[in-house]
Amino acid sequence: MKTEATEPVDKSGAQRPGLLRTLEIDTRLLGMIGAFVILSLAFNLITDGRFLTPRNIFNLTIQTVSVAIMATGMVFVIVTRNIDLSVGSLLATCSAVMAMTQTQILPNMLGLGLDHPATAPIAIVVGILTGTLIGGFQGWLIGYLTIPAFIVTLGGLLVWRNVAWYMTKGQTIGPLDSNFMIFGGTNGTIGAGASWIIGALAVAAALYGLWAARRAKLAHGFAVKPLWAELVMAAIMSGAILGFVATLNAYEVPVRRLKRLFEARGETMPEGFTAAYGLPISVLVLIAVAVAMTLIARRTRFGRYVFATGGNPDAAELSGINTRWLTVKVFALMGALTAISAVVASARLTYHSNDIGTLDELRVIAAAVIGGTALSGGFGTIYGAILGALIMQSLQSGMAMVGVDAPLQNIVVGAVLVLAVLVDIIYRRKTGDGA
Amino acid sequence: MSTPLVEMRDISVSFGGVKAVDHVSVDLFPGEVVGLLGHNGAGKSTLIKVLSGAYQADAGEIFINGEQARITNPRDARGYNIETIYQTLALADNLDASSNLFLGRELVTPLGLIDESAMEAEARRIMARLNPNFQKFSSPVSALSGGQRQSVAIARAVYFNARILIMDEPTAALGPQETRMVADLIMQLKSEGIGIFLISHDIHDVMQLCDRASVMKNGKLVGTVAIGDVTDDDLLSMIILGKNPKAA
Ligand SMILES: Nc1ncnc2c1ncn2[C@@H]1O[C@H](COP(=O)(O)OP(=O)(O)O)[C@@H](O)[C@H]1O
Ligand SMILES: [Mg+2]
Numbered sequence: 005m006k007t008e009a010t011e012p013v014d015k016s017g018a019q020r021p022g023l024l025r026t027l028e029i030d031t032r033l034l035g036m037i038g039a040f041v042i043l044s045l046a047f048n049l050i051t052d053g054r055f056l057t058p059r060n061i062f063n064l065t066i067q068t069v070s071v072a073i074m075a076t077g078m079v080f081v082i083v084t085r086n087i088d089l090s091v092g093s094l095l096a097t098c099s100a101v102m103a104m105t106q107t108q109i110l111p112n113m114l115g116l117g118l119d120h121p122a123t124a125p126i127a128i129v130v131g132i133l134t135g136t137l138i139g140g141f142q143g144w145l146i147g148y149l150t151i152p153a154f155i156v157t158l159g160g161l162l163v164w165r166n167v168a169w170y171m172t173k174g175q176t177i178g179p180l181d182s183n184f185m186i187f188g189g190t191n192g193t194i195g196a197g198a199s200w201i202i203g204a205l206a207v208a209a210a211l212y213g214l215w216a217a218r219r220a221k222l223a224h225g226f227a228v229k230p231l232w233a234e235l236v237m238a239a240i241m242s243g244a245i246l247g248f249v250a251t252l253n254a255y256e257v258p259v260r261r262l263k264r265l266f267e268a269r270g271e272t273m274p275e276g277f278t279a280a281y282g283l284p285i286s287v288l289v290l291i292a293v294a295v296a297m298t299l300i301a302r303r304t305r306f307g308r309y310v311f312a313t314g315g316n317p318d319a320a321e322l323s324g325i326n327t328r329w330l331t332v333k334v335f336a337l338m339g340a341l342t343a344i345s346a347v348v349a350s351a352r353l354t355y356h357s358n359d360i361g362t363l364d365e366l367r368v369i370a371a372a373v374i375g376g377t378a379l380s381g382g383f384g385t386i387y388g389a390i391l392g393a394l395i396m397q398s399l400q401s402g403m404a405m406v407g408v409d410a411p412l413q414n415i416v417v418g419a420v421l422v423l424a425v426l427v428d429i430i431y432r433r434k435t436g437d438g439a
Numbered sequence: 021m022s023t024p025l026v027e028m029r030d031i032s033v034s035f036g037g038v039k040a041v042d043h044v045s046v047d048l049f050p051g052e053v054v055g056l057l058g059h060n061g062a063g064k065s066t067l068i069k070v071l072s073g074a075y076q077a078d079a080g081e082i083f084i085n086g087e088q089a090r091i092t093n094p095r096d097a098r099g100y101n102i103e104t105i106y107q108t109l110a111l112a113d114n115l116d117a118s119s120n121l122f123l124g125r126e127l128v129t130p131l132g133l134i135d136e137s138a139m140e141a142e143a144r145r146i147m148a149r150l151n152p153n154f155q156k157f158s159s160p161v162s163a164l165s166g167g168q169r170q171s172v173a174i175a176r177a178v179y180f181n182a183r184i185l186i187m188d189e190p191t192a193a194l195g196p197q198e199t200r201m202v203a204d205l206i207m208q209l210k211s212e213g214i215g216i217f218l219i220s221h222d223i224h225d226v227m228q229l230c231d232r233a234s235v236m237k238n239g240k241l242v243g244t245v246a247i248g249d250v251t252d253d254d255l256l257s258m259i260i261l262g263k264n265p266k267a268a
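Taken in sequence, the protein lines are chains A and B.
Position one of the first sequence corresponds to residue 5 (the working numbering), numbered consecutively onward.
Position one of the second sequence corresponds to residue 21 (the working numbering), numbered consecutively onward.
Simulated from the structure, these hints should not be mistaken for lab results.
Cβ atoms here follow ideal geometry from the backbone N, Cα and C, with glycine treated the same way.
Please note: incorrect hints may appear among the correct ones.
Negatives, chain B to chain A, calculated, CB over 10 Å [said to hold, decoys possible]: (1) F83; (2) Q88; (3) L109.
Chain B is faced by these chain A residues, among others (derived, beta-carbon under 10 Å) [unchecked claim]: (4) T31; (5) R32; (6) F226; (7) K229; (8) P230; (9) W232; (10) E234; (11) T278; (12) A280; (13) A294; (14) A296; (15) L299.
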């Protein structure tokens, strides 16, 4: 809650009708993109152009996916004034359950072997159920038994890491089902043509979104942006989408790998044949999660209640919102997203290992917080968290590429996290955008 | 007389050892404004929070239209068309006016998604009636003045066709002009047949707006009087001395 002394500031900023205001661009988003661009350009300069190659961008993207998916869920957790320290360990439990399902339980009980078409879907469903149930259970302890989230999930951090260990007897489980592994990144890409089609569909969806929003405003007689501003936004969004697709499509499958692929099919590779990886399936999963979570945050009652509860829990309760059940749902959702991340993470490794997801809780929380989620509750965006994950991963990969020593890398990442929160606090103070 | 809209019988609430409300009975008829008076800590807010579902009584019964009502949470109260304007404004600071207005009862599209523009249009419609100067529909309510925030809280109670309205010190944070706006609104709602419990410290307001007044002291009901039968001083002595002039 605010102190009475703070003078309310008009966030709409009526006195500065600048370009940004006309375009209705979120200045925080712009700041984050700016930071990301500067970071990328700096690394690119230091590495003599190796940082911004299609290959590195491709790798950066697939490395970000697992943390980014969980970060979208962490936004809801933190917005409702909670925290989840158990996601890295829960990821390990989900990964272990899915690995055991496909390598032991299904073959032994149902007689479905590895690479049977039903194996991967069943394993994934089992994994998501596991994550949802465990998350929901933690949410119940927090919401109904009123044990602080910090404690429940700190306990969870120990419990789920070791449940995974206990189940697998500490053994690495692999290789995994080949259909399962298409979610891992390099092992599952859709090629250049399909990527362009997806890009075109995304552009169409973005344009439709802009148009539908404008039409709804006009229908109710509200003010709309000038048409040119709308067109500029449309151009920026289309350019960003198609630019991303073009970049990933520019990363070609190495010739040796292509040769092997052809040989595996008993064919010989035509001379001069090239193929691009295109969009990884894991990135498509992240995009689907991002769209779904944004829709949930902005356009569903559940999402609205998440933000209301974070802003003022008493007001939410008095408005008839069942905040305890809401807590269960928020943590169950976090668990489901953690399970999806577990699919991506174990598929990328091609096996389940004991230490999968270690320290992910810190990366995920950092991504959400760098992305502008306020620990005091009530504020946060899905795109911010994903951008936060991307910034964290770029920092880490960039430093590794430059050859910064491992301890120094972690020192920098830790310092950046603290600094990002400080910048955020100053920004909020200036805009009066809550505290 | 007809059946009361609300009858709270023998309500008791304790917090630990403190008897915040001690065997209090009050009632309310349609189109009536009943003032609840008493010093700070007399138990007024606690009593009405039992009716609005925020607290549960340890003992006592509530009747709505003569039928026993079970109110165990704010949703139950809304089911009986009881709306409350709380003393500490129950608004989510981070959300805008229309989100707060519809909190817990959002308008949705046929697909079940929140219909933002319809909600804003409705919010503009009701605010035009309650507070025509209100324009800040896209700012979070943390950016609003006390009076503007209060009009959002009032709009929320009025919009959903309340039949029983509880106002806990609705003008405590307002300037004179906004106070007059609230007074006008109370008279208007009363004329529409809504029953209103008005908690106020301002004897003048109570004498002007209320039909009856119930006075509380230290959790106990001192008495209920018809405003026409008493003077300012009678009410003051009930509040301060805890003595009912009739009973004396
Ligand atoms: N949630 C609570 N927990 C503990 N004590 C409370 C609570 N709410 C009210 N009280 C106590 O109950 C008594 C009545 O308070 P209240 O109903 O707020 O009085 P009023 O609204 O008449 O000023 C006071 O002694 C107050 O301290
Ligand atoms: Mg009070």
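Here's how the hints hold up against the structure:
Taking the minimum C-beta to C-beta distance to chain A, about 22 Å, the non-interface status of B:F83 holds against the 10 Å cut. Under the 10 Å C-beta cut-off, the non-interface status given to B:Q88 relative to chain A holds; the minimum distance is some 21 Å. With a cut of 10 Å on Cβ distances, B:L109 falls inside the contact zone with chain A, its closest approach being about 8 Å. Among the interface hints, the one on A:T31 is violated; its C-beta lies about 15 Å from the nearest C-beta in chain B, farther than the 10 Å criterion.
Checking A:R32 against chain B: minimum C-beta separation of about 14 Å lies over 10 Å; hint violated. Interface hint status for A:F226: upheld, as the beta-carbon distance to the closest one in chain B is roughly 7 Å, under 10 Å. For A:K229, the shortest C-beta to C-beta distance to chain B is roughly 13 Å, which exceeds 10 Å, and the interface hint is violated. Annotation: interface hint on A:P230 violated; nearest CB of chain B at approximately 17 Å, more than 10 Å.
The criterion of a C-beta within 10 Å of any C-beta in chain B is not met by A:W232, whose closest approach is roughly 21 Å, and the hint is violated. Look at A:E234: its Cβ only gets to about 16 Å from chain B, farther than 10 Å, so that hint breaks. Hint on A:T278 is violated. Least Cβ distance to chain B is approximately 44 Å, over the 10 Å limit. Against a cut-off of 10 Å between C-beta atoms, the interface hint on A:A280 is violated, since the closest Cβ of chain B lies about 37 Å away.
With a least beta-carbon distance of about 17 Å to chain B, the hint placing A:A294 at the interface is violated under the 10 Å criterion. Given the 10 Å rule on beta carbons, the hint for A:A296 is violated: about 12 Å separates it from the nearest Cβ of chain B. Among the interface hints, the one on A:L299 holds; its C-beta lies about 8 Å from the nearest C-beta in chain B, closer than the 10 Å criterion.
Taken one by one, the earlier hints fail for this structure at numbers 3, 4, 5, 7, 8, 9, 10, 11, 12, 13, 14, listed in ascending order.
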